[in-house]
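Visitor: Put chain B on the given structure of chain A with help from the hints.
Chains A and B, in that order, are what the protein sequence lines are.
Sequential numbering of the first sequence, starting at 0, is according to numbering that gives the first Met the number 0.
Sequential numbering of the second sequence, starting at 0, is according to numbering that gives the first Met the number 0.
By construction, these hints were calculated from the structure, which means they are not laboratory data.
C-beta atoms are modelled at their ideal positions from N, C-alpha and C, and glycine is treated no differently.
Treat each hint with caution, since some may be false.
Claimed, not checked - Stretch-level coverage of chain A by chain B, calculated; a stretch enters the list once three of its residues show a Cβ under 8 Å from a Cβ in chain B: (1) 141-151; (2) 157-165; (3) 174-182; (4) 213-221; (5) 246-260.
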Amino acid sequence: MRIICPVKRVPDTAARKSTDPDLTLDREGVETVLNANDEWSIEEAMRIKERTPDTEVIVLCVGPQQAQQTIRKALSYGLDGAIQVTDDAIAGSDAAGIAQILAAALREETFDLVIMGNQSSDARTMLVPAMLAEYLDLPALTYVSKLEIDGATLRAERETATGHQVVEAQAPAVVSVVEAINEPRYPSFKGIMAAKKKPLEVHDLAALGVDPGEVGLEHAWTQVLEVTPRPPKQAGAKVEDDGSGTVGAKALVDFLAAQKII
Amino acid sequence: MADVLVLVDHDRGIPKKIANQMLTAARERGDGEVHAALFGEGAASSAERLGAYGVTRAFVWDSPDAHRYATEPLVIALEAALDASGAEILLYPSDQFLSDVVARTAIRMEAGVVTDAVDLTLEGDRMVATKAIFGGEMTSRCQVRGDRHQFLGVKANSFTAEEVGGNPAEVVPLEVTLDERAKRARVVDTVEAASAGRPEVTEATIIVAGGRGLGEADGFRLVEELADALGAAVGASRAATDAGWYPHQHQIGQTGKTVSPALYIGVGISGAIQHRAGMQTSQTIVAVNKDAEAPLFSIADFAVVGDLHKVLPLVSEEIRKRKE
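Same shape as in the complex, but just chain A (with noise of 0.2 Å):
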């Protein structure tokens, strides 16, 4: 089996975020992190590597060349190999312009299984996972939280509101997870070690058919207008309970009231 698990290199969530000039988030003035999403996706990866013989996983990102710090991450997890996406004209690409690239790199692979997180701690649309299958013309696996397979059969379980959906379909398909699904383990000092010598692919858009003038800042279908901070919210009243219960729920529920919201 071959699993192929896009990666994305996002800034930490506790760094400060700002925008450029041209409205794009600064992505080199931050500490970048992997989206913490994509451990769930590596993890379930390696867990059907575990027991699945002859399986091999594959990480693959859109990114500068920065990213290679976030691939050797991903591959610490003892992936097998990667393959980076980088080009100058990618910068600014919104989520069908990265779907269309993953696509076109995805394209020049055999795969089973592409595995993915369902978002990304940045920008949050959750939509690659879906426009991806789309462009690959293969059914999408959503929000799933639990993932069997059987043969070329898989069987998973969507996480609702209220429950799950249980939906099957056949391999080749595109399975974005949830954090129930799995619990992921931590990189072995073997396994950053190893990360180093694994084989790593670079392809610009040439090397993989795609039209320069299809993705980037300005050729994405949608735009940012502008950009504003929000003003901080300050801490307001403070009530100390006097141990026993009633000091402090008098006060909250007097807030409450105050509040009309009881």
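Guide: Chain B alone, transformed into the frame defined by chain A:
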């Protein structure tokens, strides 16, 4: 004239609250006609009544096939509804499964998608969305660019639903034929947890969320009691869901749900940045924690430093008393 098509999400024919909110937004912010698209069993039964929200034509595909297979049947139906209505602007609810439908339709139609709008303004022929970004640190205004359809996702409770008492909507049945492609992901079963019928966390106007400070899974009973007294949804921090104390779909934070209710009450939640990224745009924030230095306090409009096990039951009791 910008006609708007609204994707009306319904539960066996009863439109969800957000549907009525979006219909109101379409009427108030658009400058053309408002049309509706309803798919799935029960769609036909309520379509006509949408005239009360100013809907001119309701495009309906009332078939069990709509939910027999995941996503792709609705893509065909949505494209058919857009073609039949002639609308170039689509409003859809910020719901996970529906956003998959919109995402695939967008690629098929080369439409632009802007997600999670909390406000909409028509500027010329562009519907501009206002949204909170980067965990609520910033606000952006975004639009679809170029000569293409504009698909805008709307967050719950961004608009107030208001009926205008129009004529019954004209119900237009859609012709939807499913090819083999549309049947690739078969829905085998749908499992509902024995839920207490509380609002969903992404749609609720009030959320009571619990964290590690509850001490154990059972601590969520205090959270549920307060939530029920307030008619609220229950949320959880990642520490609580990782510990298995509450189902993951209730997790609020960077890797879970982003919420922006009118009132958020966090109990036993320290409020690390990953959690705040999921709730800090809430209108009013209340925190209860025995740790006076809890980071959540720095963004709380009201905070109680105390033992939640003592404070919460008394709050719940007093609220119930006042409601009688």
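Visitor: Decide, hint by hint, whether the structure agrees.
Guide: Hint-by-hint comparison with the structure:
no., hint, in the structure
1, 141-151, "holds (count 3)"
2, 157-165, "holds (count 9)"
3, 174-182, "holds (count 4)"
4, 213-221, "holds (count 3)"
5, 246-260, "holds (count 12)"
Violation of the numbered hints given earlier is absent; every hint is satisfied by the structure.
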